[in-house]
Amino acid sequence: MSAPEAPTVTRPSSLRQVGLVARREVSTRITDRTFLVTTVVTLVLIIGLLVFQVLLNSDDDPTRVGVVGSSSTIEPFLTEQATAFGQEVQVSSAADEAELRTQVEDGDVDAGLVLGDRPQLLFDESADDSVVSIVRGAVAAESVQEQLVAAGVRLDSPPAVQVVELQPRQAGSDQLIGVASAGAFLTYFLLILFGQFAAQGVVEEKSSRVVELLLSTMRPWQLLAGKILGLGVLGLLQIVLLAVIGLGGALAAGVLDLPGQAVGTVAQSLMWFILAYALYASLFAAAASLVSRQEDLGSVLTPMTMLLVVGFIIAVQAIGNPGGTLATVTSFVPGVSPLVMPIRAAAGEASVWEVLVAVALMLVAVVLVVRLGGRIYAGALLRTGGKIKYREALTAER
Amino acid sequence: MLEIDGLYKAYGDNRVLEGVGFTVAPGQMFGFCGSNGAGKTTTMRIAMGLARADAGEVRWRGRPVDEDVRRRIGYMPEERGLYPKMRVREQLAYFARLHGMEAASAGRAAEHWVEVLGLGERRDERVEKLSLGNQQRVQLGAALVSEPEVLILDEPFSGLDPVGVDSLAEALLQQARRGVPVIFSSHQLELVERLCDAVGILARGRIVASGTVTDLRAREAGRQLRVVAPDAPAGWAAAVPGVRVVSEQRGDTVLELAPGTDDQQVLSAALATGRVTHFSWREPTLVELFREAVAAPTGPSAGGPDATGSTAVAA
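Residue numbers (UniProt numbering), protein chains in the order written: chain A, 1 to 398; chain B, 1 to 315.
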């Protein structure tokens, strides 16, 4: 009745409500066992991969070949052939075939060569193709030389061939591709993880009906934004932590030797992670708002998860062929681009404008998904029981 | 003054509210009654912005209730809801903050209500670990922790044992004494009668009766007289002029007297049949008023002061 005498109510701004929701997300997750365990497991996994990489790299033990027969004459041929294959051989001689067999079976040598008119190459379990090629080449070369000498031909040293790369690959691009691939893998993994977190959080609020209390103090978009922001901060923190440990470890272990460019690649991967997270978290949260029980989550999340999986498979393909048509085209497709473009860029296959176009397309997609997803979320949040259809949620009147 | 003004709401063809309106003064306890599905919850949800009215408005202090005002309202939804994994005090502090309190005062308020609600020893337990009764207390705490200017509670008493009912009633009365208008819905009409200054009965999408319980009684057309005469033959009372028999069951009769009819004449007639073991005017209870109001035939004319007691009271 008395209109203007309303008291001044403290007016919490939208930002304040969003901040409160985000803070709650962070503080409840950070004390949550599941969250801590997954973080630790990922860390261990990354460190494990790194150690594995270091071990693989140091694995340049020479191939050991035991020889029965005139081992001294065949040795230079074996060495030469091995060098052509980028390998090293270590030749030892055995007294007879029986001794050689024992050596092969015991693993003292990787392969046993029995020389004679019908030379034999022995392996313990399965033949190693590269060793087979080296040995065949060496035996053939020795035989040719013997025949030429026997025919009285004098051998001049052949002319050396000079190597010219017409389109030389950027030095160390393999390493950068490796870094970008690790980034894509982590991005994929964390997107699935944090997408799930966002989805479960939405359903938890719906199934516990706390959402009704929440929405009497804020708008749906504020709740959604706070949730995505809070989880995003945690996700970013996690990926930055992993990146620092991974990059630092790799540089320290000497797996990488291009600090500057590697950091650039990591920075770009982080940017793509943020974009991808904004897209997928909104998608996951909007989809999750359609159901009221955790058990029903799987069915609504499958399409988004499939998109991620497809993106990941293409990314794996792009590691081997970063300049291919598939990688080129998909590196512009929003949703897939965050996994593929960093690899193309690391391989030096994407120019700056291409990256910018992909980022712009992705930003457009993020804006669209956030708006549409927000509407679905707002429409579906207060309806419980069963699964709501997208169309119903979009046209829902409260 | 909290004003609910002409609310209309339809879900498809289902017209839930057809012009619901009532006012609650500061410090007033308003009992909101109605059969299941009458639209009590919808009315409250509209007030809380959880549903949109097709027409009508809710005002507090003359100003339409918007988001800012809503943060000054304490609300208990029909479907109870709390974060199951959040701890009691932490949860209350969070809701206080969402209602606009600063961190320090939210913490103090949460601590205060934890004590008041008798949850002191459980303050750091997760809500899911509490008994249902204690969860209900936390739920009430969530509605009260921000020192709201208005309380809107949907079935706050359901599921409570008598002791819980008493302590909740005490808490609500305290809020009303602070000058807070309190609206609560309930099916426990005795409780509403005992607690409330004002009552609104919702039926068929409208308020069919509202006011104090005394008001409602006064509106009831004829007062009723109950006479128990065990030996009386059936239909004895109908013979007395100016008397209408409301119900008759083995000598236990409820009568309505036309204006000017002398009750002593009825007593004589009763005594003429033999022993009379009971003879008294009875005040209709809220339950009866409720039945009367709700059972009215279709058509909107049932409400208002001109409602007559012409419909049969369910036996």
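No wet-lab data here; the hints were simulated from the structure.
A quick note: this is a predicted structure, and the numbers were derived from the prediction, not measured.
Some hints could be false.
No farther apart than 20 Å at their CA atoms in a straight line, the calculated lysine to aspartate or glutamate pairs in the EDC-like style are these [what the hints assert, rightly or not]:
(1) A/389 <-> A/257
(2) B/129 <-> B/90
(3) B/129 <-> A/296
(4) A/387 <-> A/257
(5) B/85 <-> A/142
(6) A/389 <-> A/295
(7) B/129 <-> B/79
(8) B/85 <-> B/124
(9) B/85 <-> A/204
(10) B/85 <-> B/54
(11) A/387 <-> A/296
(12) A/387 <-> B/124
(13) B/85 <-> B/128
(14) A/387 <-> A/128
(15) B/85 <-> B/111
(16) B/85 <-> A/32
(17) B/129 <-> A/32
(18) B/129 <-> B/147
Status of each hint after checking the structure:
A threshold of 20 Å between alpha carbons decides the hint, and for residue 389 of chain A with residue 257 of chain A the separation of about 53 Å lies outside it, so the pair is violated. With a C-alpha separation of about 15 Å, the suggested pair residue 129 of chain B and residue 90 of chain B falls inside the 20 Å cut-off, and the hint holds. Straight-line distance between C-alpha atoms of residue 129 of chain B and residue 296 of chain A comes to about 25 Å, which puts the hinted pair past the 20 Å bound. The straight-line distance between the Cα atoms of residue 387 of chain A and residue 257 of chain A is roughly 53 Å, outside the 20 Å bound, and the hint therefore fails.
For the proposed pair residue 85 of chain B and residue 142 of chain A, the alpha carbon gap of about 77 Å is over 20 Å, so the pair is violated. For the hint pairing residue 389 of chain A with residue 295 of chain A, the CA-to-CA distance comes to about 17 Å; that is within 20 Å, so the pair holds. With a CA separation close to 19 Å, the supplied pair residue 129 of chain B and residue 79 of chain B stays within the 20 Å bound. Distance restraint check for residue 85 of chain B and residue 124 of chain B: the Cα-Cα separation of roughly 11 Å lies within the 20 Å cut-off, and the hinted pair is therefore satisfied.
The hinted pair formed by residue 85 of chain B and residue 204 of chain A meets the criterion: a straight-line CA distance of about 10 Å does not exceed 20 Å. Restraint check: the Cα-Cα separation between residue 85 of chain B and residue 54 of chain B comes to about 37 Å, which exceeds 20 Å; the hinted pair is violated. A distance of roughly 8 Å separates the Cα atoms of residue 387 of chain A and residue 296 of chain A; the hinted pair therefore holds under the 20 Å criterion. Of the pairs offered as hints, the one joining residue 387 of chain A and residue 124 of chain B is violated, with about 35 Å between alpha carbons and a cut-off of 20 Å exceeded.
Our distance criterion of 20 Å between C-alpha atoms is met by residue 85 of chain B and residue 128 of chain B, whose separation comes to about 6 Å. A distance of roughly 57 Å separates the Cα atoms of residue 387 of chain A and residue 128 of chain A; the hinted pair therefore is violated under the 20 Å criterion. For the hint linking residue 85 of chain B to residue 111 of chain B, the alpha-carbon distance of about 19 Å falls within 20 Å, and the restraint holds. With a C-alpha separation of about 10 Å, the suggested pair residue 85 of chain B and residue 32 of chain A falls inside the 20 Å cut-off, and the hint holds.
At roughly 16 Å between alpha-carbon atoms, residue 129 of chain B and residue 32 of chain A fall within 20 Å of each other, so this suggested pair holds. Distance hint between residue 129 of chain B and residue 147 of chain B is unfulfilled; the C-alpha atoms sit about 26 Å from each other, more than 20 Å.
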